[in-house]
Structure formats: C-alpha cells, structure tokens
Amino acid sequence: MDEDSETMVPARLSLLVYLYFARHATFPVLQKRLGFTSGNLSSHLRKLEELGLIQISKSFVNLRPTTFAVLTKEGAERLRSQMVRMRELVSMVVDKETKSEE
Amino acid sequence: MSSDGNQSDNDMVKKARRLLLLADLIDNYPQVVSRRVAGLVYILIGGGLSFATLILMSLQDLLGPGDPFLTNLGFVMLGLVASLIIGFRLIVPLTRSYPVQPSASEGGKVVLALWVILGTAIVLSSIVIFQMGLAVLFPPTLQFMMGCGFTINYALGTRAGSFNFYSREHIYFAIAVFLSIIPMLVVPAAAYVVMIVVDMGGIYVIGIHMLITAEGLLVESEGQGYG
Numbered sequence: 001m002d003e004d005s006e007t008m009v010p011a012r013l014s015l016l017v018y019l020y021f022a023r024h025a026t027f028p029v030l031q032k033r034l035g036f037t038s039g040n041l042s043s044h045l046r047k048l049e050e051l052g053l054i055q056i057s058k059s060f061v062n063l064r065p066t067t068f069a070v071l072t073k074e075g076a077e078r079l080r081s082q083m084v085r086m087r088e089l090v091s092m093v094v095d096k097e098t099k100s101e102e
Numbered sequence: 103m104s105s106d107g108n109q110s111d112n113d114m115v116k117k118a119r120r121l122l123l124l125a126d127l128i129d130n131y132p133q134v135v136s137r138r139v140a141g142l143v144y145i146l147i148g149g150g151l152s153f154a155t156l157i158l159m160s161l162q163d164l165l166g167p168g169d170p171f172l173t174n175l176g177f178v179m180l181g182l183v184a185s186l187i188i189g190f191r192l193i194v195p196l197t198r199s200y201p202v203q204p205s206a207s208e209g210g211k212v213v214l215a216l217w218v219i220l221g222t223a224i225v226l227s228s229i230v231i232f233q234m235g236l237a238v239l240f241p242p243t244l245q246f247m248m249g250c251g252f253t254i255n256y257a258l259g260t261r262a263g264s265f266n267f268y269s270r271e272h273i274y275f276a277i278a279v280f281l282s283i284i285p286m287l288v289v290p291a292a293a294y295v296v297m298i299v300v301d302m303g304g305i306y307v308i309g310i311h312m313l314i315t316a317e318g319l320l321v322e323s324e325g326q327g328y329g
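Residue numbers (our numbering), protein chains in the order written: chain A, 1 to 102; chain B, 103 to 329.
Watch out, some of these pointers could steer you wrong.
Stated by the list, open to error - Distance windows between CB atoms, simulated:
hint	chain 1	residue 1	chain 2	residue 2	range
1	A	V9	B	D111	37 to 47 Å
2	B	A257	A	V84	25 to 35 Å
3	A	L63	B	D111	49 to 59 Å
4	B	L182	A	V61	19 to 29 Å
5	A	T26	B	G176	20 to 30 Å
6	A	T67	B	D129	22 to 32 Å
7	A	P28	B	G176	45 to 55 Å
8	B	A223	A	M8	24 to 34 Å
9	B	I188	A	S38	51 to 61 Å
If you're looking for bench data, these hints aren't it; they were derived computationally from the structure. All residues carry an ideal CB built from backbone N, CA and C; glycine is no exception.
Put together the whole structure using the sequences plus the hints.
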C-alpha cells in the first residue's frame with residue numbers, strides 16, 4: 001500500500017508510463033517530454049530507482065555524459081497491475097455516473 | 103452553479119474515460135511486444151533457413167549430392183537450430199520486461215509441446231520415407247505436417263482467447279501450405295522449389311505482417327467502448 005502511494009504520485013506515474021512504452025529514455029528527453037525541471041526529475045528518478053522500478057545508468061553520447069533511465073521488469077509489472085486496478089475502480093464510477101444520467 | 107457542476111462532472115468523466123483507455127493500452131502492450139518478437143523470430147527463421155539452404159547447396163555443388171536424407175535433415179536442422187538459438191538468445195528476452203498473462207504463457211507451453219511432437223514426427227517419417235526409397239513423398243509429407251501444425255496453432259490460439267496473437271496469418275499460411283501439396287504431387291520434380299517458395303515466402307510474410315500490425319492491438323483498445 002505504501003509502495004503504491006509512492007508510485008501513484010502523478011509525476012512518477014507519468015515517468016513510469018512514458019518508460020513503459022519507450023522502454024528507455026535519456027534525462028533531457030524525459031525533461032522535455034514530461035515538462036519537469038532538472039531537480040524535480042532527478043528526485044523522482046532517484047526515488048523510482050530506490051523502489052527498484054527503474055535502472056539508471058550513465059554513459060557518454062557524442063562525448064557528453066548522459067543519464068539513461070530504463071524500466072525494470074518489476075516496474076512494468078507494478079505499473080500494469082496498478083493501472084488494471086485503477087481501471088476497475090474508475091469504470092465502476094463511470095458506470096455509476098452513466099446510470100445516474102439515464 | 104448547477105450547469106458549472108455538470109460541466110465539471112462531464113470533464114471528470116472524460117478524464118476518467120481517458121484514464122481507462124490508458125489502462126487498456128498498458129494492459130495490452132505486452133501482447134504487442136510478444137507479437138513484434140514473434141514476427142522477428144519468424145523472419146530470423148526464414149533467414150536462417152535461407153542461409154542454410156545456400157550453404158548446403160553450395161556444398162552439394164562442391165562435394166556432390168550425397169545422401170538425400172542426410173542432406174535434407176542437415177538443411178532443416180542447421181537452419182532451424184541456428185535461427186532458434188539466435189532468436190531466443192537475442193530477441194525473446196525483450197518479452198521478459200513485459201510479462202504476459204499466465205493463461206497466455208500456458209498456451210505458449212502447449213504450442214511448444216505441439217511443435218516438439220511435430221518435429222519428432224517429421225524426423226521419424228523422414229527416416230521411414232527415405233528408408234523405403236520413397237523420397238518423392240518427403241516434401242508433401244513435410245508440408246502436411248507443417249499445415250497441421252499451423253492449423254492447430256491457430257485453433258489453440260482462438261480457444262485460449264489469445265486470438266489477437268495467433269491471428270489469421272497462421273490459418274492463411276496453413277491453407278497455402280496444404281494447397282502446395284497438389285503441385286508437389288503433380289510435378290514431383292518441382293516439389294522442393296514449391297516448398298521453398300511457399301514455406302520460406304510464407305514465413306517471411308507472416309513475420310513481416312506480424313511486425314507491422316503489432317500496434318493494431320492497441321488501436322483495438324480504443325474501440326473498447328470507453329471512448
């Protein structure tokens with residue numbers, strides 16, 4: 001439950017969803033696509049790495065040091081199970097709204 | 103205030119539907135990955151068999167035709183084993199990051215068992231056919247077993263509910279393989295050419311089609327009635 005609350009933070013969820021489909025991304029790409037500040041992004045990535053949901057590695061691209069973030073298998077499984085649970089809850093609410101409108 | 107409230111509720115419902123769609127996309131994505139990987143493995147198998155055919159035919163030119171049974175067995179085993187080793191070492195690990203549902207992986211085990219049995223049947227029937235001196239029956243027999251294999255693949259897939267994965271390419275290929283038996287029996291001299299064109303061509307077509315249509319599984323998610 002505590003771990004769910006750590007990953008359901010919107011910023012971290014958006015990171016996980018992006019990496020789920022992209023598999024891996026560099027720091028500048030994540031910053032640009034998701035609209036994070038540099039410090040904010042670093043903090044969220046560090047937290048996700050602590051939780052074992054992503055792996056961070058650093059290497060040189062065109063002689064410039066670059067940080068790569070890769071989703072782990074555990075990260076993919078956790079995101080998928082959370083989204084499936086969320087889907088069940090939200091579709092109950094949507095169905096209820098639709099019925100009340102009728 | 104009431105209309106503002108309704109507007110806000112409508113916005114929330116729209117956001118909720120978008121969230122449902124995202125959840126569907128995430129839920130279906132492992133199947134997309136599996137389909138892409140399967141397409142790549144098919145192309146690799148086609149490539150491996152083509153390469154093995156080239157090597158063996160070149161060797162036959164240099165060393166003479168040799169024993170037809172051993173030549174055919176060598177062609178099939180070399181190509182398949184090399185392709186599968188490369189495929190499973192390099193490509194299949196891509197699916198580990200996106201684990202499929204347990205029922206789908208159980209279905210995969212059944213299909214693997216099916217092909218192990220068919221492979222064994224192919225080898226045993228080859229031994230019998232060549233021992234009896236009926237080499238002309240080898241290509242049609244092989245085609246019949248391949249056709250059965252792909253038909254059962256398709257049937258098991260539809261039954262298991264992983265229909266999106268075992269889609270119609272497999273049954274179309276099975277039909278093409280069964281139909282190719284006719285020219286093989288009518289013109290036995292062209293049997294191997296027919297087999298190479300139909301089987302190799304079919305494997306490439308299936309692989310390429312699975313690759314380029316993999317994301318179609320995500321498009322189907324959008325029509326799930328939430329949007």
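Of all the hints given earlier, name the ones this structure violates by number, lowest first.
1, 4, 5, 8, 9
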